[in-house]
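Enquirer: Residues per chain, in single letters:
There are 2 protein chains.
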Amino acid sequence: MNSMMIFYLLYFLCLCLSVACVICVCVWNSLWRGGFAWDGSQLEFNWHPVLMVTGLVVLYGNGAVLYRIPLTWGYDKLPWKLLHAALMLLSLILSVVGLCAVFNYHNAKNIPNLYSLHSWIGIAATALFAIQWVAGFAGFLLPWTPLSMRKLLKPVHVWLGGSILILSIAASISGINEKLFFALKGQTNETQPYSSLPPEALVGNSLGVLIVVFGLIVLRILSTSEWQRPDSSPEDQTYAPILREESD
Amino acid sequence: MNSMMIFYLLYFLCLCLSVACVICVCVWNSLWRGGFAWDGSQLEFNWHPVLMVTGLVVLYGNGAVLYRIPLTWGYDKLPWKLLHAALMLLSLILSVVGLCAVFNYHNAKNIPNLYSLHSWIGIAATALFAIQWVAGFAGFLLPWTPLSMRKLLKPVHVWLGGSILILSIAASISGINEKLFFALKGQTNETQPYSSLPPEALVGNSLGVLIVVFGLIVLRILSTSEWQRPDSSPEDQTYAPILREESD
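Same order as they appear, the protein sequences are chains A and B. Taking full-length UniProt numbering, the leading residue of the first sequence gets 1, the next gets one more, and so forth. Taking full-length UniProt numbering, the leading residue of the second sequence gets 1, the next gets one more, and so forth.
There could be a bad hint or two in this list.
[What the hints assert, rightly or not] Below, a list of computed lysine-lysine pairs in the BS3-like style, where the Cα atoms sit at most 27 angstroms apart:
#	chain 1	residue 1	chain 2	residue 2
1	A	K109	B	K179
2	A	K185	B	K109
3	B	K185	A	K109
4	B	K154	A	K179
5	B	K154	A	K185
6	B	K109	B	K185
7	A	K77	A	K154
8	A	K77	A	K151
9	A	K185	B	K185
10	B	K151	B	K77
11	B	K185	A	K179
12	B	K154	B	K77
[Stated by the list, open to error] Computed footprint of chain B on chain A, listed as stretches where at least three residues anywhere in the stretch have a Cβ under 8 angstroms from a Cβ of chain B:
#	stretch
13	44–52
14	108–122
15	161–170
16	174–185
17	190–199
18	211–219
Quick caveat, the hints were computed from the structure, so don't treat them as lab data. Note that CB positions come from ideal geometry on N, CA and C, so glycine has one too.
With these hints in hand, go ahead and build the complete structure from the sequences.
Expert: Take a look at the structure:
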């Protein structure tokens, strides 16, 4: 099996796992957690896992591997640069709305914010992501950043991108684990304890496994140098901002 | 600042964070969790975080970056290969004893094993680590593995090595988060709730942050190609087993 076939196999797996993660987190929160609302209730909290998994894991991971798809290499980099920035912006917006859901819910119930390790890792991931997006926009899309700065920024952007994904995996796993312990106390007739592995626990645990496998595949694609987009001319392709490209 | 200076700065940080992680997990379990025993009690459980963090995170990460230290490049690879295998074996043994501690504690208290997402990710990390160690030993230290197999195994070994570290970070964060929620319920006069961030919560959360920063630095060192040990001859250095090297 040659290297490109392995890429497309991993990329196909990545797409399947993306769909599986989103279905799994939606099914969990619809069927077992009562669905969604925006009213400060438990139903508002349910947006939190759905939006974080969809935004900070699935869309983020897909945005990150975009440049690696060999089918896109024959074309101008500009539209892919804009699609990368747009996917990441959508991912950031979903993540921020996902954080608003949990802050609103906590405030309505007088539960303190940002005390758990899960919340520390999750807020660090989102804050770094926001910094990364602004720095990426200023560095790679605006025309007045000097070329030397772009060359310095690119490896930092690639490295920080992978690190944010690792943070978001750790935040997801700790969050799902915490939620299942909270929800499945087994003190009422309606819920069985987490330790007896009722269907909801199996779905939640499976979501965690899907997220981890998705993240490892994305990181594998990102770290394989032969799957990096070959730049026909490093001067005008990688580091040129869109405005300068358009004015050429 | 040149590339080697950056390496040594990151490696120095990696060593400082190693010491900080071990001190932090020991202090947490000694001062706030009552110390250690091997009697099926809560004190036996306390070995679990100490041994997993020391073995599966700190020793594992240090074993992984061993070949990247440029000071070692001028010497024969063999002693470093043996030290790598020995550090990883010690790390694996500590991890397995750390798992025994939690299984014994659960069994003594009639708590089911392996139901939480934390336990699924943690057991997957340890099982993959055991497979990785055996495959690495058979592939790189025994004389009868064909050279073609070694060449095939090396990238898989490097990739799986990084993936196991990511799993162990996710398991650590979810485990510390879960433990702090269990321990700091705030229902007795002795413990304040986790949400009020008492000193124990700050120490536990800080341990999680130290582990994540340590892991990201180790992964950064591993993923930088210019810090890979240059093999003077790929035939005899990278892929030759020790027994063949000794008989040469």
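Enquirer: Decide, hint by hint, whether the structure agrees.
Expert: Hint by hint, here is what the structure shows:
1. A/K109 <-> B/K179: 23 angstroms, holds
2. A/K185 <-> B/K109: 17 angstroms, holds
3. B/K185 <-> A/K109: 17 angstroms, holds
4. B/K154 <-> A/K179: 39 angstroms, violated
5. B/K154 <-> A/K185: 45 angstroms, violated
6. B/K109 <-> B/K185: Answer holds: B/K109 to B/K185 is near 19 angstroms, not above 27 angstroms.
7. A/K77 <-> A/K154: Distance of about 15 angstroms is within 27 angstroms: holds.
8. A/K77 <-> A/K151: Holds, at roughly 17 angstroms.
9. A/K185 <-> B/K185: 14 angstroms, holds
10. B/K151 <-> B/K77: 17 angstroms, holds
11. B/K185 <-> A/K179: 15 angstroms, holds
12. B/K154 <-> B/K77: Cα-Cα ~15 angstroms, so holds.
13. 44–52: Per the Cβ count (0), the hint is violated.
14. 108–122: Result for this restraint: holds, n = 8.
15. 161–170: Since three or more residues must qualify, the claim that chain B covers the stretch 161–170 of chain A holds, with 6 doing so at under 8 angstroms.
16. 174–185: holds (count 6)
17. 190–199: This one holds; 4 residues, not fewer than the three required, reach chain B with a Cβ under 8 angstroms.
18. 211–219: Since 4 is at least three, the answer is holds.
Comparing the model with each earlier hint shows violations of hints 4, 5 and 13; every other hint is respected.
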